[in-house]
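Protein chains in written order, with the working numbering: chain L, 2 to 278; chain E, 159 to 324.
Please note: incorrect hints may appear among the correct ones.
As the list claims (entries may be wrong) - Pairs of lysine-lysine residues, derived as BS3-like cross-links and limited to a Cα-Cα distance of at most 27 Å, are as follows: (1) L:K46 x L:K92; (2) L:K127 x L:K51; (3) L:K216 x L:K92; (4) L:K51 x L:K30; (5) L:K46 x E:K207; (6) L:K51 x E:K207; (7) L:K30 x E:K207; (8) E:K207 x L:K77; (9) L:K92 x E:K207; (10) L:K127 x L:K30; (11) L:K30 x L:K46.
In case anyone wonders, no lab produced these hints; they're calculated from the structure.
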Amino acid sequence: MRYILLFLLTLPLTLLAYSDYDMDGVDDKADQCPNTPFSDLVDIKGCTIKQLSSPHHFDVILGGSYSQVDYNTNEKTDTFSSSLQADYYYKNFSLQAVVSYFDSESASYSNTGLNDTFVAGYYQFKPLDALSVRVGAGAIIPTYDSGLNNNNLDYVGIASVSYAFSSMNVFGGYRYTLVNDDDYSYTDVNNNPVTIGYQNTNAYNVGLGFYPTQKLYLSGSYNASDSIYKSVEMIESASVYAFYNINVHWFSTFSYAYGLSDSASDHYASLRLGYYF
Amino acid sequence: MKTLTLSLTTLALLGSLTAATAQINVDTQIEAIQTASPQERVELMNQFKEQLSQMNADERTEAITQMRTQMQTRAQEHAGEGQGQMQEGQAHAQEIREQMQDRAQMGQDDNMNQIQGMEQMNQRHGGDQFMHEGPMGGDAGAGFMGGHDGAPHDGMTQPDVAIPSI
Numbered sequence: 002m003r004y005i006l007l008f009l010l011t012l013p014l015t016l017l018a019y020s021d022y023d024m025d026g027v028d029d030k031a032d033q034c035p036n037t038p039f040s041d042l043v044d045i046k047g048c049t050i051k052q053l054s055s056p057h058h059f060d061v062i063l064g065g066s067y068s069q070v071d072y073n074t075n076e077k078t079d080t081f082s083s084s085l086q087a088d089y090y091y092k093n094f095s096l097q098a099v100v101s102y103f104d105s106e107s108a109s110y111s112n113t114g115l116n117d118t119f120v121a122g123y124y125q126f127k128p129l130d131a132l133s134v135r136v137g138a139g140a141i142i143p144t145y146d147s148g149l150n151n152n153n154l155d156y157v158g159i160a161s162v163s164y165a166f167s168s169m170n171v172f173g174g175y176r177y178t179l180v181n182d183d184d185y186s187y188t189d190v191n192n193n194p195v196t197i198g199y200q201n202t203n204a205y206n207v208g209l210g211f212y213p214t215q216k217l218y219l220s221g222s223y224n225a226s227d228s229i230y231k232s233v234e235m236i237e238s239a240s241v242y243a244f245y246n247i248n249v250h251w252f253s254t255f256s257y258a259y260g261l262s263d264s265a266s267d268h269y270a271s272l273r274l275g276y277y278f
Numbered sequence: 159m160k161t162l163t164l165s166l167t168t169l170a171l172l173g174s175l176t177a178a179t180a181q182i183n184v185d186t187q188i189e190a191i192q193t194a195s196p197q198e199r200v201e202l203m204n205q206f207k208e209q210l211s212q213m214n215a216d217e218r219t220e221a222i223t224q225m226r227t228q229m230q231t232r233a234q235e236h237a238g239e240g241q242g243q244m245q246e247g248q249a250h251a252q253e254i255r256e257q258m259q260d261r262a263q264m265g266q267d268d269n270m271n272q273i274q275g276m277e278q279m280n281q282r283h284g285g286d287q288f289m290h291e292g293p294m295g296g297d298a299g300a301g302f303m304g305g306h307d308g309a310p311h312d313g314m315t316q317p318d319v320a321i322p323s324i
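Extracted from the complex, chain E is given alone in its bound form (with noise of 0.2 Å):
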């Protein structure tokens, strides 16, 4: 019992320290990257980003967050001088909120093929249950499919070949 609660205490004790370290590095990392030169805030963005790739969703995010916290509470510090920092904390929120429209988007174009798929289909069906209804199952209506009875073809375009009352 006694290996097994030591065992336990390491393991957290390990978490915990991995994740300061993960921690420190990102902070370490951030802070690199507003003091580089030119050249090499270029680098090191692109390490970020990679080490960034290489981390699961959750930490990814959090490394994020931080960088975006940290970029706008310097921006803050240098109100007049800063404003381009806080628009790069603003620039991935941006990016995702793209593609999310995109998203949508597209959703919005798929909704308009599924109404409109959708429409003909029940047409189709429509079309197999007025055989079913009219010329084997007695008096349909008059028209073929969204005519009126009574009235066949009102508002309706004339077909090649009328398609009688039943």
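Pulled out of the complex, with its shape left as it was, chain L reads as follows (with noise of 0.2 Å):
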């Protein structure tokens, strides 16, 4: 009998001695899926049978943004523009579109347009819990009207990869363009021929990035890219990012970037939100 009562009495700390690091109510030790989603339902051995929450989701981001050029070929020109960004995701996957359009206005010469248009799609994955890899290929639609043969569809190839510790992470991305667009070929005012050719891209940057709250998260990074044009230097710059996660649907972004090299903007800034769904 006494058994019986110690029994009884130790039986509800017992039953409160176990771990549910995924609260899904499956004990870690005899969960064989630690890490389920809270959203999915579960069987017995701790793994999903359900998801509750849709695996699709949307967002749409309107942005502005500001760069200044100073080529030194060229008037200092400033330039505004604004950003539609679509994407939709799909458990791994994802696709984007982005428009945009601009104003462009040095002392002699304005411009103003549509900018190219991308679209893309990536699969991202995580090879470890705190490695994030993300890989996508796109193209980018000549919608620019331009006076340099700006006539064929370029396509984009995309990697990037974040590695988290602690409240930080250290990223890095490259992206390759091939620049299909056709040589553009004139006669000077001394009747020499001259061409401007086009040559494929390689882009990348490193970074460094912390979470100073929960809701808020912040980078710095180095970026650099090939012209378009094979006469041109690197395009070099430093930038800053910030990410405000406003609630579980609405978001915005900052960023500024300053040109290291004459081919870059001096100055970028941009300012977006966006809406998740």
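Using the supplied hints, reconstruct the complex from the two chains, each of which is provided in its own coordinate frame.
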């Protein structure tokens, strides 16, 4: 009788002693899927049997940006752009489309219109808990009306990695653009033939980010890219970036880049507001 | 007027009653989850999640916060034995944090693409501007885009066909 009473007294404490990291009701010791999302229903082994939340998500991002360029061969130019980005997410896959409209002004030259349009698809995976890899492929649609033969679809390959530790992360990215535009030829005032040649570009960035609060992410990075023109030096810039999660749906981003080479924009600032659902 | 006051009072009472009932239901469910056997616990947890999915955002947040609070209280009461329950309460917060971090990371990637795309577009704009200000508009200096006046191609790769000083 004494043993039965002792058993009954210790039973509740025994039940309370279990550990359940993913909050699915299955003790971690017996949980064969220890990291199931909270929105998943699970079986006795702790593995997903049904997803309650839709695997389909979207976001729409509106943005405005300003850039000032002062190439040695051109007048100083201010460019204002507005952009609209839409993303579709399905599990680890995502699709993206970005359109933007620009207004460039210098002392004696002005130009307005659509920039090139960008569409891409991405796949994200995590080989390790702390390591995130995202790869993608896209196309640049020549919606910018140029006098320099911007007439063909360009193709883009993108890869980025991020390694998180504590409340920080290091990241890096690479982007290759296959520029298919035809070289542009003309005859100068002395009747000499001149050709402006396009080239494929390699671009990369490296940076460090951290999360000062749960809603805020800040980062700094170095960016470098080939020019699309064969004759032009590498474009280099240093940038800072902020992502603020306003609530479960709304978020905003701010970015500033400072040009480190003559071929880069001297200053670039961008503010965007997004809605995720 | 009296009828209107009566109706508003009835509505207020019904609202309070509904909120109180929901509170009791969540309380009851959490209590049941905490004391259930392993098999029942999984079933009850699934039911609780299904119920959460039917709630609006505010109700869901309230219910999850309540569960977290109760789990943490229990864990503190049984410190040393109930440490796992402290984790339990933190798991959902961790999940939300990871989602936010994923989105921030994707935003960071987008930012890289934006900056590189913007620079390429500015080069295209600059190319057109150069053609306008240079061959058509007079002396635009030596080199094409990013070169240095008087020092063509300084620091640059040589083009296949050199673009002359204009």
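How the hints compare with the structure:
1. L:K46 x L:K92: Roughly 22 Å between the alpha carbons, so the hint for K46 (chain L) and K92 (chain L) holds.
2. L:K127 x L:K51: Since the Cα atoms of K127 (chain L) and K51 (chain L) sit roughly 22 Å apart, the hinted pair holds (cutoff 27 Å).
3. L:K216 x L:K92: 22 Å, holds
4. L:K51 x L:K30: 22 Å, holds
5. L:K46 x E:K207: Answer holds: K46 (chain L) to K207 (chain E) is near 17 Å, not above 27 Å.
6. L:K51 x E:K207: Holds, at about 11 Å.
7. L:K30 x E:K207: Holds - the C-alpha atoms of K207 (chain E) and K30 (chain L) are around 22 Å apart, at most 27 Å.
8. E:K207 x L:K77: The given pair, whose Cα atoms are some 59 Å apart, is violated under the 27 Å limit.
9. L:K92 x E:K207: 20 Å, holds
10. L:K127 x L:K30: 24 Å, holds
11. L:K30 x L:K46: 10 Å, holds
The structure is inconsistent with hint 8 alone, although it conforms to all the rest.
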